[in-house]
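> Here's the letter readout for the chains.
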Amino acid sequence: MAISTAVTVVVIICLNVQWGKAPPLGKFLSPQHGFWQNAESVDKDFGEDLKLTGLKGKAEVYFDDRLVPHIFADNDEDAFFIQGYLHAKFRLWQMEFQVYAAAGRVSELIGNKALNYDREKRRMGMTYAAEIAAKEIEKDPVSKSACDAYTAGVNAYIENLKESELPVEYKLLNYKPEKWSNLKTALFLKMMAFDLAGGENDFEHSNAKSVFGLDDFEKMYPYSQDSLDPIVPKGTIYPPQAIPVKTPDNLDSVYFGKRDTADLAPQQPRKDNGSNNWAVSGKKTKSGAPILCSDPHLGLSLPSIWFEMQITTPSFNAYGATFPGGPCVIIGFNDSCAFGMTNAARDVLDFYEIKFRDESMKEYRFNGRWKQTDFRYEHIGIKGESEMIDTVAYTIFGPVVFDKKFSGNSHRTNGGYYAARWKGHDPSNEFLFFNKLDHAKNYDDFYTALQWFHTPGQNCLFACKKGDIAIWDQGEFPAKWRRQGDFVMPGTDSSYMWQGMIPRQENPHLINPERGFLSSANQLPADPAVYPYYLGGDYPPYRGIIINRYLSQENNITPKDMINLQTENYNVFAEMARPVLLRNINMGTLDQDEKIYFDMLSGWNLHNDPDEKGATLFVVFWDIFTKVVWDDEFARTKLPTVYPFASTLLEGILKDSAYKFLDNINTPAKETLRDDVTLAFKKAVGICKVAEADGRLQWARYKATRINHLARLAPFSRTDLPVGGGTNCINATKEDHGPSWRMVVELTPKTEAYGIYPGGQSGNPGSPYYDSFVDSWAAGKYYPLWVMEKEEVNDKKIKWKMNFSGQ
Amino acid sequence: MLKYFISILLTAVLSFIAGLYLPWWGIALAAFAVGVIIPQRPIYSFLSGFIGVFLLWEILAWWIDNKNDGILSQKIAQILPLGGSTVFLILITSLIGALVAGLAALTASYLRKSMV
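For the record, the sequence lines run as chains Z and C.
With this note's numbering applied, the first sequence covers 10 to 816.
With this note's numbering applied, the second sequence covers -6 to 109.
Treat the hints loosely; a few may be bogus.
Derived pair list, reagent style BS3-like, types lysine-lysine, alpha-carbon separation capped at 30 Å [as the list claims (entries may be wrong)]: (1) 60/C to 30/Z; (2) 808/Z to -4/C; (3) 228/Z to 647/Z; (4) 60/C to 806/Z; (5) 60/Z to 60/C; (6) 171/Z to 60/C.
Treat the hints as calculated values from the structure; they're not laboratory data.
The shape of chain Z in the complex, shown without the other chains:
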């Protein structure tokens, strides 16, 4: 008997706890508790009557056939409460997982393999930044009430959640959701801030400068591009700068002349994070009303970063993409206007080298004195282990990310101390901006709202029914001298610090331009030759060029034309690069097969369409050409560096056929452009022959676009999507990155809008709504965005209704 009891208990315990990566099997497989409960009926009824504490009045939510909720609430607070409730209902695991990732808490879920990741997030001060942001939110009555209501809505869902209803990822990883808070909303915002304004190459550039010397550095990493077509057109005159920027006296010896290196490579947001947006004024459209288009390019994920909804209260009626994690509509439109963002990509994260008195890091040298350090103690929970306490030193610049105890992903102990000055640490209240934007009725409202948008800087595009179109390169940006913050700066005195913020009136902007359109695609916002402040950052020029070319040619524009433009696969970079490449292939050395591929490239229509083989050949060819040119230079160092931009190499060889870097420095011969191009072409043909033999030379098959599940669970991901486009195309769909919310809004008296995102409204992999938009998105299709009127409650598109009331 005793044995039998013991065996039973042991078996139950074994099936109730997690073994390695496997979920607790008994709990997980039970049809009444485990994952089976997430296998929702394909004809599930989402209708419900809910009485929830915290609601002031009554509200109705109508779900259409795509599971888009249309919220009708008596007041803003109730609307944001319900927004929080619905975000949690459909996306709870994602919301919380993103916040864990932002805060550096992943080790709590998966153990010490995430420890380095977590430590860097802590040391970057992500939670520190979020605490400051949460305080700002709570200082303002409007943002406080919106975020409080949102948080209460999320928690109302969590509190009523049964174990069987937990999202399946909690069951797989065996944990439970915590309560939501305004701090978590702020953490989500800081995650986005880092994703869009956390890019820098300070260590990589310092290393490159030290290895190659300043002259070659300037050639390899030039400030601007010849082909640049900036957001605010060339020829614009700027007022004299309000913030005089004084360059340090010892710049040449201490900064440019320094040859220090560091084996450090901070975590970076995706380089591809960018976007397109444009607006055309009524004089260029068929209807006479402005059209606004926005298409943010982000890492593609399931569940998607976006959730579509309509929010209607007596004070506003907004429709568009929302962030599960915070209140408001982010990219969308209301009854009066439409709005969209692209990343400003300004460098607002700089590293300073700190000189501490000793290894205790209690005091550091600053302006000739010893200054006291503040310490922040980060408690990092680790699954299956006791917690780790990481001590982070805070200086006048910001947190010391790298010191002798932490070198990020580098295995070597580094000799220096490096503090991060990040704009994201400064107080700001971006949700107030979105709140005001959702309520905006005209350009003045938009302009007023902009003052609350500091980080991540965005090219904020606006169009309204009154006919105005406007774009502001908006953010609070440091006023910098040329090359300030491109390299690690000395942190021993104030001379290298940021000297002030650019007044927002001096941010590049354009309102109702003569040419009748506005656009931004992450290129430089202004002509660096005349704009008074240094714009250092990472600015790809090509999408901007092709968008502006199309928009200046087109007239009588309809929303359908704009849809065609957003999904355009024309490769303008290839248009510029192909002639010089083809000219320099040494035909005499090509064999029969290579000649066939030569014809394939020269006959290609320059469109990265899904079935084009020429697109694959071009992309492979250019990649290898890049390696042929740069690999020998970069083999000189094992330290972290970044390769020069494609625009730099292309413009280099277009200007100068004897471009300095074409020579392979490891051979006695002097290689020419012809040698490098021919070698690269032959290698590319080799790769393409293998791809063709495998039946994947067609561009879409070669590129194999996929949408990964957020926790990289392959069966919850979508792979091998038949999508064209790619880098430098307006349809910037790459391997796992691309247009995350395509939107076209025509501001006719009754708004006509179209949109789609690569995902589905439900975050549940067991729901038919998990990925229901993916195939249409891949095919370049759009859904009409239905702004429901209260009188349309009997419309056939409405499938379910939720009634909310307080108790």
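Chain Z is fixed; fit chain C onto it per the hints.
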């Protein structure tokens, strides 16, 4: 024989009810209770617990899967890893529940014996 069938049926019914109010191991309590109430030889007690929950979980999983068009089971059967086989996933589900219930019923039978 009748006792045996009643035990199976009762195990299934009680396990289902337990599933509504208790964590997943409620099936062990249900099977145990049946084993205590209905005296059987240990082997039959084990089998009735085993078969009762096997059938219950098999039917429930199959029913849910059918209503879901197999959307989730196909994905989970790759994560676990069962080669994407839904049939296999349902079978494993039922066997795990059956084993727990069978052992609990067996324990009950021994307990009854030792007390009598």
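> Which numbered conditions among the earlier hints are violated in the structure presented, ordered from lowest to highest?
The structure conflicts with hint 2 only, although it agrees with all the remaining ones.
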